[in-house]
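Engineer: Chains U and X supply the protein sequences, listed in that same order.
With positions in the first sequence counted from 1, the corresponding number in the working numbering is that position plus 1.
With positions in the second sequence counted from 1, the corresponding number in the working numbering is that position plus 425.
To be clear, the hints were calculated from the coordinates, so they are not data collected in a lab.
Treat the hints with care, since some could be wrong.
Said to hold, decoys possible - Straight-line C-alpha distance at most 20 Å; calculated SDA-like pairs for lysine to any residue: (1) X/502 x U/199; (2) X/502 x U/114; (3) X/502 x U/335; (4) X/502 x U/54; (5) X/502 x U/242; (6) X/502 x X/469; (7) X/502 x X/488; (8) X/502 x X/529; (9) X/502 x X/486; (10) X/502 x U/447; (11) X/502 x U/140; (12) X/502 x U/454; (13) X/502 x U/236; (14) X/502 x U/384; (15) X/502 x U/248; (16) X/502 x U/383; (17) X/502 x U/401; (18) X/502 x U/579; (19) X/502 x U/296; (20) X/502 x U/203; (21) X/502 x U/606; (22) X/502 x X/516; (23) X/502 x U/40; (24) X/502 x U/377; (25) X/502 x U/625; (26) X/502 x X/554.
To be verified - DEER-style ranges, computed between Cβ atoms: (27) U/590 x X/487: 50 to 60 Å; (28) X/574 x U/152: 27 to 37 Å; (29) U/153 x X/564: 28 to 38 Å.
What the hints assert, rightly or not - With the C-beta cut set under 7 Å, the calculated list includes, among others, these residues of chain U facing chain X: (30) 355; (31) 439; (32) 519.
Where is the CB? At the ideal position from N, CA and C, for every residue including glycine.
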Amino acid sequence: VIWAAAGYAGTTLALAGSLALTIFAWRAARRPPTARRAPLRRAVTLMVVGAAVSMGSLELALVTDSFAVSYVAQNSSRATPLIFKVTAGWSALAGSIVLWSVVLAGFTAGVLRQVRSADDRLGTGALAVMGAVAAFFFGLVSTVANPFGVLSPVPLDGPGPNALLQNHLMVAIHPPLLYIGYVGFTVPFAFALSALAQRQAGVEWLRRTRRANLVAWTFLSAGLGVGAWWSYEVLGWGGFWAWDPVENAALLPWLVGTAFIHSAVVQVRRGLLQSWNIVLVLTTFGLTLLGTFLTRSSVVVSVHSFTTSSVAPALLGFFVASMVVGFGLFALRGSALASTGRLESLASREGAFLVNNLLLTLLAFVTLLGTLYPVFVEAVSGSQLSVGRPFFDRMAVPIGFALLLTMGIGPFAPYRAASGRVVWSRLRLPLLLGAAAAAGLVLAGLRSAPIVLLVLLGVVVAAGSARQLLTTAPDRRPRSLLRLVRGRRGYWGGQLAHVGVVVVALAIAVSAGLSDRTSVTLRAGQSVDFAGYSLTWAGTTGTDRGFRREQTARIELRRDGALVQVLAPRLNQYPSQQQAVASPAVWTTAQQDVYVALSALEPDRISVNLWRYPMMWALWAGGAIVVAGGLWALGGRTRRPAEPEPTPAGPAAGTPEPDRTPEPATEHDPAAEPSQVPVRA
Amino acid sequence: VPDQPATNGPALAPASGGSGSNPPAARAGRPRGTDLLLLLALVGLLTVVVVGLLGGSGRPPDRAAELDARLRCPVCKSVSIADSPAETASAMRLVVREQVAAGRSDAEILAYFEERYGPTVRLDPPAAGRSLWLWVLPAIAAVAGVGLVLTRSRAGPLPTLSERDRALVAAELTALRRSGPEAVDREP
Numbered sequence: 002v003i004w005a006a007a008g009y010a011g012t013t014l015a016l017a018g019s020l021a022l023t024i025f026a027w028r029a030a031r032r033p034p035t036a037r038r039a040p041l042r043r044a045v046t047l048m049v050v051g052a053a054v055s056m057g058s059l060e061l062a063l064v065t066d067s068f069a070v071s072y073v074a075q076n077s078s079r080a081t082p083l084i085f086k087v088t089a090g091w092s093a094l095a096g097s098i099v100l101w102s103v104v105l106a107g108f109t110a111g112v113l114r115q116v117r118s119a120d121d122r123l124g125t126g127a128l129a130v131m132g133a134v135a136a137f138f139f140g141l142v143s144t145v146a147n148p149f150g151v152l153s154p155v156p157l158d159g160p161g162p163n164a165l166l167q168n169h170l171m172v173a174i175h176p177p178l179l180y181i182g183y184v185g186f187t188v189p190f191a192f193a194l195s196a197l198a199q200r201q202a203g204v205e206w207l208r209r210t211r212r213a214n215l216v217a218w219t220f221l222s223a224g225l226g227v228g229a230w231w232s233y234e235v236l237g238w239g240g241f242w243a244w245d246p247v248e249n250a251a252l253l254p255w256l257v258g259t260a261f262i263h264s265a266v267v268q269v270r271r272g273l274l275q276s277w278n279i280v281l282v283l284t285t286f287g288l289t290l291l292g293t294f295l296t297r298s299s300v301v302v303s304v305h306s307f308t309t310s311s312v313a314p315a316l317l318g319f320f321v322a323s324m325v326v327g328f329g330l331f332a333l334r335g336s337a338l339a340s341t342g343r344l345e346s347l348a349s350r351e352g353a354f355l356v357n358n359l360l361l362t363l364l365a366f367v368t369l370l371g372t373l374y375p376v377f378v379e380a381v382s383g384s385q386l387s388v389g390r391p392f393f394d395r396m397a398v399p400i401g402f403a404l405l406l407t408m409g410i411g412p413f414a415p416y417r418a419a420s421g422r423v424v425w426s427r428l429r430l431p432l433l434l435g436a437a438a439a440a441g442l443v444l445a446g447l448r449s450a451p452i453v454l455l456v457l458l459g460v461v462v463a464a465g466s467a468r469q470l471l472t473t474a475p476d477r478r479p480r481s482l483l484r485l486v487r488g489r490r491g492y493w494g495g496q497l498a499h500v501g502v503v504v505v506a507l508a509i510a511v512s513a514g515l516s517d518r519t520s521v522t523l524r525a526g527q528s529v530d531f532a533g534y535s536l537t538w539a540g541t542t543g544t545d546r547g548f549r550r551e552q553t554a555r556i557e558l559r560r561d562g563a564l565v566q567v568l569a570p571r572l573n574q575y576p577s578q579q580q581a582v583a584s585p586a587v588w589t590t591a592q593q594d595v596y597v598a599l600s601a602l603e604p605d606r607i608s609v610n611l612w613r614y615p616m617m618w619a620l621w622a623g624g625a626i627v628v629a630g631g632l633w634a635l636g637g638r639t640r641r642p643a644e645p646e647p648t649p650a651g652p653a654a655g656t657p658e659p660d661r662t663p664e665p666a667t668e669h670d671p672a673a674e675p676s677q678v679p680v681r682a
Numbered sequence: 426v427p428d429q430p431a432t433n434g435p436a437l438a439p440a441s442g443g444s445g446s447n448p449p450a451a452r453a454g455r456p457r458g459t460d461l462l463l464l465l466a467l468v469g470l471l472t473v474v475v476v477g478l479l480g481g482s483g484r485p486p487d488r489a490a491e492l493d494a495r496l497r498c499p500v501c502k503s504v505s506i507a508d509s510p511a512e513t514a515s516a517m518r519l520v521v522r523e524q525v526a527a528g529r530s531d532a533e534i535l536a537y538f539e540e541r542y543g544p545t546v547r548l549d550p551p552a553a554g555r556s557l558w559l560w561v562l563p564a565i566a567a568v569a570g571v572g573l574v575l576t577r578s579r580a581g582p583l584p585t586l587s588e589r590d591r592a593l594v595a596a597e598l599t600a601l602r603r604s605g606p607e608a609v610d611r612e613p
């Protein structure tokens with residue numbers, strides 16, 4: 002009971018803190034001279050401490066088996082291992098909203114660090130928005146999603162977490178990553194609203210959110226990658242992406258967020274696309290809310306389950322309200338902020354960015370349409386239909402190829418206007434290498450068009466980056482190259498992420514085009530030939546682990562009679578769930594993955610599904626490269642203070658030297674490198 | 426500015442070659458013949474790729490597998506019978522294989538399953554009736570997007586640099602190239 006009281010008190014404190022923050026920051030943003038920073042700091046402190054107390058009490062209640070607390074009684078059990086007791090803190094709806102609000106409190110504290118004084122109106126306005134969003138989430142925790150209810154009589158034990166959420170350690174990693182990504186996009190949303198409300202045109206709001214955008218994007222990418230890995234290694238259906246509504250909900254903000262971090266570069270560099278950036282930021286934030294609503298309401302399974310949770314209507318209401326406020330402000334004030342410049346030529350770096358944005362938002366639109374269409378049809382006509390992989394694949398594959406094409410050309414095109422000659426001179430060697438690689442594959446007998454095309458594009462992207470690196474460096478010593486790459490983290494982090502994206506695309510194409518699968522039923526001692534091995538079922542063992550019963554089949558892989566590997570796919574039986582959860586066994590080698598999943602297990606025979614995926618490791622490696630690119634772009638820079646407001650005394654004494662650009666955020670761009678200025682071109 | 430004559434001489438050639446450490450004067454003299462040779466090689470290699478790929482994919486089309494991917498496993502959430510490990514799905518895969526072997530058309534097989542499991546059994550609803558907009562809306566969005574991008578970009582002659590600007594850039598470039606690695610770390 003003490004944990005319930007402490008948790009509820011923490012939540013109330015944090016709610017009070019976020020309301021206070023909204024009010025103080027709102028006042029500060031409206032009348033800066035009368036405001037002080039101290040109340041803002043106190044409000045944020047209250048919010049962070051309250052959030053920490055609330056999450057901490059929930060965890061302690063779970064770990065100490067305090068079944069008097071309603072959330073613990075519903076989502077934990079005595080037999081649950083410690084690690085899954087901890088992860089139960091976010092494996093159900095109420096707990097996941099607590100985690101959400103804790104992360105949000107953390108990001109709010111980050112924003113506060115940027116706000117050096119109360120007359121930073123852009124910053125205080127953003128804090129007011131953060132406070133309002135936080136107030137909504139803490140309000141949810143203290144009302145409809147309250148995990149701290151007190152039960153009496155106290156139950157002796159609970160059912161434990163959802164079976165799938167105590168089946169693998171991934172549940173400790175994947176949701177927090179995803180939530181940091183989701184919640185991080187609140188920061189640009191807050192700054193965009195603040196800039197709109199105060200009619201502050203310019204790139205200030207983009208410069209100040211660059212870090213938060215990159216953190217959110219990197220973590221969301223990591224969350225998606227880890228989620229795909231989880232789906233593949235744990236869920237046992239043999240794939241890593243099913244275009245399931247829950248997956249789409251995580252992909253949507255990533256797509257629009259990716260469009261945003263690209264078009265932000267255009268605005269910072271060239272002053273274009275200001276309105277578009279605001280639209281993207283509002284949309285990204287809206288999609289994180291909509292995604293949470295979709296995953297939490299089960300509305301996508303059937304519209305009629307809509308009312309089963311009272312959190313879902315609240316989320317939907319907040320989504321609608323924030324979009325009305327955001328786009329309403331945009332409609333009223335957007336014209337004051339719109340950039341006056343126009344694109345000079347579509348054949349330029351910013352033109353490529355624009356095409357990339359068009360493609361990414363189109364892909365997001367198609368994904369959203371496919372996800373929501375069945376819901377709309379059912380709501381309007383009552384009849385059901387399903388939209389699945391064939392639809393999404395047919396849409397995503399051409400858009401994806403077009404995106405990779407812009408990725409191959411865009412980063413090597415100069416700003417303003419690219420003549421064919423400059424692009425040709427920068428891309429001829431990479432193109433030649435790519436064509437040679439593709440021709441080599443064709444001659445070697447590979448006839449899958451997507452794979453050959455992806456290899457071509459991939460080599461162009463990688464070789465183009467390498468060429469860019471070598472030609473812009475003053476010499477070839479590793480030290481100089483490293484300094485160059487360190488000097489422009491934005492650009493080179495981006496190039497690294499591009500290489501990662503190509504590797505991911507290639508791995509997806511290979512897994513789609515060159516994999517094998519089969520389903521077999523084996524009797525004891527019987528063998529089947531698969532993926533170059535002879536697979537034999539050599540018995541089953543049962544283990545009781547307390548929180549679950551495991552039945553493990555022993556499958557021996559032999560080549561030329563010699564035992565090479567033993568695979569142990571399992572069926573896990575949880576007391577809370579009638580149907581057993583299958584845990585596949587995956588054997589990864591450099592050439593291929595052999596994937597074995599049990600579908601039925603009987604005393605005298607087993608049924609297994611077998612997959613062979615060539616070079617599956619490339620998918621995870623590609624994802625890791627994408628994340629590394631994001632981290633590289635983030636890292637190494639000390640936080641710069643916000644640009645000082647122009648003092649009444651005119652330009653400060655430390656006016657930058659004429660040959661240096663004063664803007665710190667200009668490092669996205671390599672086109673202005675010494676040897677690359679397209680003078681004659 | 427592509428159509429400007431190269432009046433500024435070799436010192437202004439863009440770094441088009443792959444050799445960053447060469448003095449700029451050495452790079453500008455690359456003959457046009459090299460470009461032509463590169464282009465020919467590229468076209469040759471691409472011809473190999475296209476001819477190879479037009480010869481057909483390495484695998485014969487597997488109609489049954491294609492149909493499997495288009496049918497939803499009725500006992501799963503949103504997975505096709507090709508992807509589902511469930512028993513029902515493998516039974517349905519067997520039916521698909523039998524019907525393909527019996528020479529029935531894709532439409533006939535899909536209709537057979539729709540009759541038994543209802544319209545939700547199809548993962549790619551047809552572009553007709555209630556699911557028409559599912560296919561029409563992406564096309565409308567794509568056309569609108571392309572139109573928007575085209576109207577945003579202004580066609581017209583590219584602005585040209587004045588002789589004075591050219592001289593300034595040339596001087597800066599030469600200075601940068603001389604000053605070596607230190608220059609690289611500066612913000613552009």
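Engineer: Which numbered hints are broken by the structure, listed smallest first?
Structural biologist: Those not satisfied are hints 1, 2, 3, 4, 6, 7, 8, 9, 10, 11, 12, 17, 20, 21, 23, 25, 26, 27, 28, 29 and 32.
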